[in-house]
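K.L.:
Below are the chains, spelled out letter by letter.
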Amino acid sequence: MNNLVQNEMMKLLAKKRLIIIGLIVGILVLMFTYAQYKQVEEQREKLGTDDWRAALQQQIIDTQNRLGSNRMLDEWREQLQVSLKQQQYYLDHDINPSEPGAATFTRMFLENAIDLFIPLLIMIVASDMVSSENSQGTIKLLLTRPVERWKILLSKYVTLLLSVSIIVAVTALLSYLLSGIVFGYQGWGAPVITGFELKGADVDVSQVRLVEQWKFLLMDLGLVWLVAVVVGTLSFMLSVLVRSTPAGMGIMLAALISGAILNNMVSSWESAKYFFMVNLKLTAYISGTAPPIEGMTLLSSVITLLVWWALALIVSFTVFTRRDVY
Amino acid sequence: MKQVTLSVRDLKKRIGKREIIKGIDFELNEGEVFGFLGPNGAGKTTTIRMLVGLIKPTSGSIHICGYDVRQDFTKAMKQMGCIVENPELYPFLSGWDNLLHFARMLPDVDETRMDEVVELVGLQARIHDKVKTYSLGMRQRLGIAQAMLNSPKLLILDEPTNGLDPAGIREMRQFIRKLAEEEGMSVLVSSHLLGEIQQLCDRVAIIKGGEIIKTDTVESLLSTQERIFWRVEPIQKGAEILSSFTEITLDQKYIITAYDELKTPEWNAALNQAGVRVHEMNRKLPGLEELFLQVTGGGAGIE
Amino acid sequence: MFLSKPKVLAITIASAFIGLFFLFCLGWAIMDHYGKGTSDKEVIEETAIKKNDFPDDFTVVAIGDSLTRGTGDETGKGYVGLVIEDLKSEYNRKPIIHNLGINGQVSKELVQQVRQPEVKRQIQAADVILVTIGGNDLFQKGRTLLEYDREAITVSQKSFLGNLHEIFKDINKVNDTATILLLGLYNPFIDLDEDFDTNRIVRDWNNETAEVVALYENAIFVPTFDLFQLSVNEYLYSDKFHPNKKGYRLIADRVAPLIKWEDVER
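Residue numbers (my numbering), protein chains in the order written: chain A, 1 to 326; chain B, 1 to 303; chain C, 1 to 266.
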C-alpha cells in the first residue's frame, strides 16, 4: 500500500499540478491583498482617520441606512440585521473584527474561499485522478498488475487526501506570507468572537466568547479541510464514473456554481439544504453569519456533507472494482 | 510434456444481448509463440482483455500457470506480463520512473532487475529521459521492459508491431523469438497481419466473429492455403492442362492453383511438354482476406 | 525504504501529518462550537470609553436624520459634506468627519444613539457637533400636517423637547467644550398650504427648540426656515421633502462660517 501511495504521489508531483495551484493561490492572494489595502486607504481618505472604531461605526450607520430602505428583500434584511447586531457587539466590546495583520487577512481569505475557491483548486487535482489514467490508457497497465483493484483505487484516494491537505496548508501559508508583506505578520493573539447563535433575525449572545485568533484560524482550517475533502471525494467519484477529465470537471463546476447561486436564493426552498453545495460555508457558523436556509446548523451541515462523502466513496469503489476496461 | 502456461476454456462474453465472444478454447505451452490472427473487430482485443483481467468474462475459465484469473487474480498476474494495444506509459515521468512505478506494484523486484530489463531492451542511454521525448519504437521497448519486470512465464502482446517502422518490426520479431527460445517464455501475440504472424509464431488461431475458426501450426495452415500464380501462353491451353491436375481459378491473365511442393514441378513439366510457355510462376501467400474467404468457405467476408 | 524517491517520500509523510492535524482541527472546531470547547468562556464586559487617539485633529461629528445623511443630494454629500469641503478649502487641512446620520431617525432614537459607547467616544473627541433632528418627529412623513391634529403635534413637540434636553445633556457629559450646531426645520409644505397653518406650526416648533438650545451655552440654533421660505420648490428634491443639491448648498453656506477652527481651544 505504501508503495502504491508513493507511486501516485510521484505521478502527482511530476504533473506539477500542485505548483500550478500554488501559483494561482499566490496571484489571487496578491490581488486580494492589494484590494484590501486600497479599501483601507479609501476609508482613511473618507473619514480622515484610520481609527477602526470610527470605520466600524460608519459601517453600522451604513447598514442601518440600508435597512431603512423599503425595497429590500426580507431575507436580505434579516441577514443585514444579524450582521448589524454583530458589528454593534464588536464595537460595544471594543474588539476589532478586522484587526490589521496577516493573520486576520488569512482568516478572512479562508472564510471567503471555503465555498468556491478552495473547492475549485481541489477539483484541479481530484477530477483527473482516475480519468487521466483512462484517457492516457495507462489504466490497462495499472490493472494488470498483481494488485487488487480496490487497493489501487484506495491508494489514489489516500493520495487525494494527502494532496487536499497540502493544498489547504499551502493556501493558508501563502496567504499569510504574502499578505504579511503589506499588513505585517502580526495578529495571532487578536481576540475573535465566536458562539453567536442565530434564531431567525435574532442573535443570541449568551454563548458568545472570545477566542484568540490563532485558535480561530485553526478551527477555520479544520472546517475548510473537511469541505475540501468532501468536494475532492465527489470530484474523485466523477473521475471514476466519467472517462473524460473535462466532463467531470464541468459537472463539478456546475454543481459548485449552482451552489453559490442557490445560497443567495434558496431561503424559501427548504429541502435544498440536503444539497452538498449549499452546505459548504461551514466557517459561517463559527463566525456567526446567517446560513442560507433557516434551521441549518454546523452539525446538520457536517452530517449532510459526510453523507455525500460516504455515498461518493461507495459509488467510486463499487464501480471501479466491477467495471470492464475497454 | 511441456508445461501449459495458459489455458482458456469455453470463454464467452456477452454485452447486453450481443454475444461478442462465442466460446473460445485454446492452450499455450511453455516456450511457444502463439498467434492470434483476425481482422479488426473479430474479438481479439476483447479476448486478450479478458485474459489479463481487464474485462470479466460472462462464462468460461482462464488459467495462467494453473491460477484462475478470476479467483486468484494476483497470483495469476504475477506469472504474466502484457502490453495491451499501445504501450501507454506516463509521458511526464522518465523511463526509469515508469519502471519504478510498475516495479513497486510487483513483489520481489529490485533495482538490479530493473537494470537488467533496461539492458535487455537496450534503453540504457535514454532511460532517465522523459517518456514524452521517446520515439514510438523506444516506447514499445520500454513497454516490453515493464512487462518483463516480473520475469513472467507468459507474455501477452497485443499488436506489438503496430506503428513500428520495418526495422523496428524486424527487431521486435527477433526479440520475441529470443524470449521464447532462450528464456522458455510463452508468448501470445495478436495481429491482423498475416505476414507478421507467419514469421513469428509456432501456432496460430484464426478468430472471426468471436469464434476461433481454426487453430493450427503455421506451416500446415499456410501450405494448404498457399497459391501459385501462373502466367502462361497460350492461356487457354495452359488452363486446360492445369485443370486436369487440380482446381484452377482464372484471374485476368493469371491462372491460380494451389501450391504443392511435390506436384508443382510435374505440372510445370506437363505445360512445357504441351508447348505452353511459362513466363512466370509466382508463389504467393494468400492475403488475410483471401485466407478468410477460403477458411470460412467464402461469402462471410471481413467485417 | 524499498524503491523510494526521498523527495516523494518526504512530501508524502509531511502531507500525512498535515492531514491528521487538520482532522484534529476539524474535531476541535465542532466540539468548540457545541460548547465543550477549550476556548475561554469569559463574560466580556462592556469596556470604558476609549481615549481619542487623535486629540489634535479637528473633528466634526454629525448626528441626526436624513438631512445629515444627505438624502436628496445626488452627489451624496449633503450639507455635512459641503461644510467639510468649505473647511478644507479655507484652512487647507482636512478635518476628521464622523457622519452618523440615519435616515428617518427621530429624537427618541437619537437619544439612544448618543448613549452608545462608540458614539460617545466620537463625541468626546469632537470639536464641532452638527445636529439635524425633529423633522421626522414633526412631519412623520407628512401625516401630521395633513391631519392638522393640533393635539398630536403638541404631544410630539413636548416629547421632542424632552429628548433634546437628554441629547444635549448626554453630549455635555462627555464633551462640554464642543460647539453644538442644531439646525432648525424648514417647511417643505409651504406651497401646498394656503392658510399658512403649517408655517405657524413649524415656526412655533423652531421657537421652542431655540429656547431649549439657549439653555446650553456651547449650543447654537441655526435657522433654515427663511432659506426655503420664498422659493421652496427650487431647493427641494423630487420627493418634495428633502433638500436638493442647491438646498444643501444654502444650508452649508449658513453653517460653515459658524465653524472656526482656531477658536477651538482643546
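Keep in mind that the hints were calculated from the coordinates and are not lab data. You may find that some hints are simply not true.
Cut-off 27 Å, straight-line C-alpha distance, at most; resulting in silico cross-link-like pairs (DSS-like, lysine-lysine) [what the hints assert, rightly or not]:
id, chain 1, residue 1, chain 2, residue 2
1, A, Lys46, C, Lys7
2, B, Lys214, B, Lys284
3, C, Lys77, A, Lys16
4, A, Lys15, B, Lys132
5, A, Lys16, C, Lys7
6, A, Lys46, A, Lys15
7, C, Lys260, A, Lys46
8, C, Lys5, B, Lys130
9, A, Lys85, C, Lys108
10, A, Lys15, B, Lys130
11, A, Lys151, C, Lys7
12, C, Lys5, A, Lys38
13, C, Lys94, C, Lys240
14, C, Lys246, C, Lys7
15, C, Lys77, A, Lys38
Now the in silico label distances, taken between C-beta atoms and shown as ranges [unchecked claim]:
id, chain 1, residue 1, chain 2, residue 2, range
16, A, Asp324, C, Gly35, 34 to 42 Å
17, B, Lys17, A, Asn2, 27 to 35 Å
18, A, Lys151, B, Phe229, 57 to 65 Å
19, B, Glu211, A, Leu306, 48 to 56 Å
20, B, Glu211, A, Asn2, 17 to 25 Å
21, C, Lys108, A, Ile20, 56 to 64 Å
Glycine included, C-beta positions come from ideal geometry on N, C-alpha and C.
K.L.:
Each hint needs a verdict: does it hold in this structure or not?
P.N.:
Results for each hint:
1. Note on Lys46(A) and Lys7(C): the hinted pairing is violated, with a Cα-Cα distance of about 52 Å set against a maximum of 27 Å.
2. A threshold of 27 Å between alpha carbons decides the hint, and for Lys214(B) with Lys284(B) the separation of about 21 Å falls inside it, so the pair holds.
3. Taking the CA atoms of Lys77(C) and Lys16(A), the gap is near 53 Å; set against the 27 Å cutoff, the hint is violated.
4. For the proposed pair Lys15(A) and Lys132(B), the alpha carbon gap of about 13 Å is at most 27 Å, so the pair holds.
5. The hinted pair formed by Lys16(A) and Lys7(C) meets the criterion: a straight-line CA distance of about 14 Å does not exceed 27 Å.
6. With a CA separation close to 49 Å, the supplied pair Lys46(A) and Lys15(A) exceeds the 27 Å bound.
7. A hinted pair counts as satisfied when its Cα atoms are at most 27 Å apart, and Lys260(C) with Lys46(A) qualifies at roughly 22 Å.
8. For the suggested pair Lys5(C) and Lys130(B), the alpha carbons sit about 16 Å apart, so the restraint of at most 27 Å is met.
9. Of the supplied pair hints, the one linking Lys85(A) and Lys108(C) holds, its CA atoms being roughly 20 Å apart against a limit of 27 Å.
10. Distance hint between Lys15(A) and Lys130(B) is fulfilled; the C-alpha atoms sit about 12 Å from each other, no more than 27 Å.
11. Pair hint Lys151(A) plus Lys7(C) holds up; C-alpha atoms about 23 Å apart against a cutoff of 27 Å.
12. At most 27 Å may separate the alpha-carbon atoms for a hinted pair to count; Lys5(C) and Lys38(A) exceed this at roughly 46 Å.
13. Distance restraint check for Lys94(C) and Lys240(C): the Cα-Cα separation of roughly 33 Å exceeds the 27 Å cut-off, and the hinted pair is therefore not satisfied.
14. Of the supplied pair hints, the one linking Lys246(C) and Lys7(C) is violated, its CA atoms being roughly 72 Å apart against a limit of 27 Å.
15. This hinted pair checks out: Lys77(C) and Lys38(A) have alpha carbons roughly 22 Å apart, not beyond 27 Å.
16. The supplied range of 34 to 42 Å is broken by Asp324(A) and Gly35(C), whose beta-carbon atoms lie about 52 Å from each other.
17. For Lys17(B) paired with Asn2(A), a C-beta distance near 45 Å fails the hint of 27 to 35 Å.
18. For Lys151(A) and Phe229(B), the hinted distance range of 57 to 65 Å is satisfied, since their beta carbons lie about 58 Å from each other.
19. Glu211(B) and Leu306(A) have their C-beta atoms about 51 Å apart, which keeps the hinted 48 to 56 Å range intact.
20. Distance hint check for Glu211(B) and Asn2(A): the Cβ-Cβ separation is about 45 Å, which falls outside the suggested range of 17 to 25 Å.
21. The hinted range of 56 to 64 Å is satisfied by Lys108(C) and Ile20(A), whose Cβ atoms lie roughly 60 Å apart.
Hint compliance for this structure: hints 1, 3, 6, 12, 13, 14, 16, 17 and 20 are broken, all remaining hints hold.
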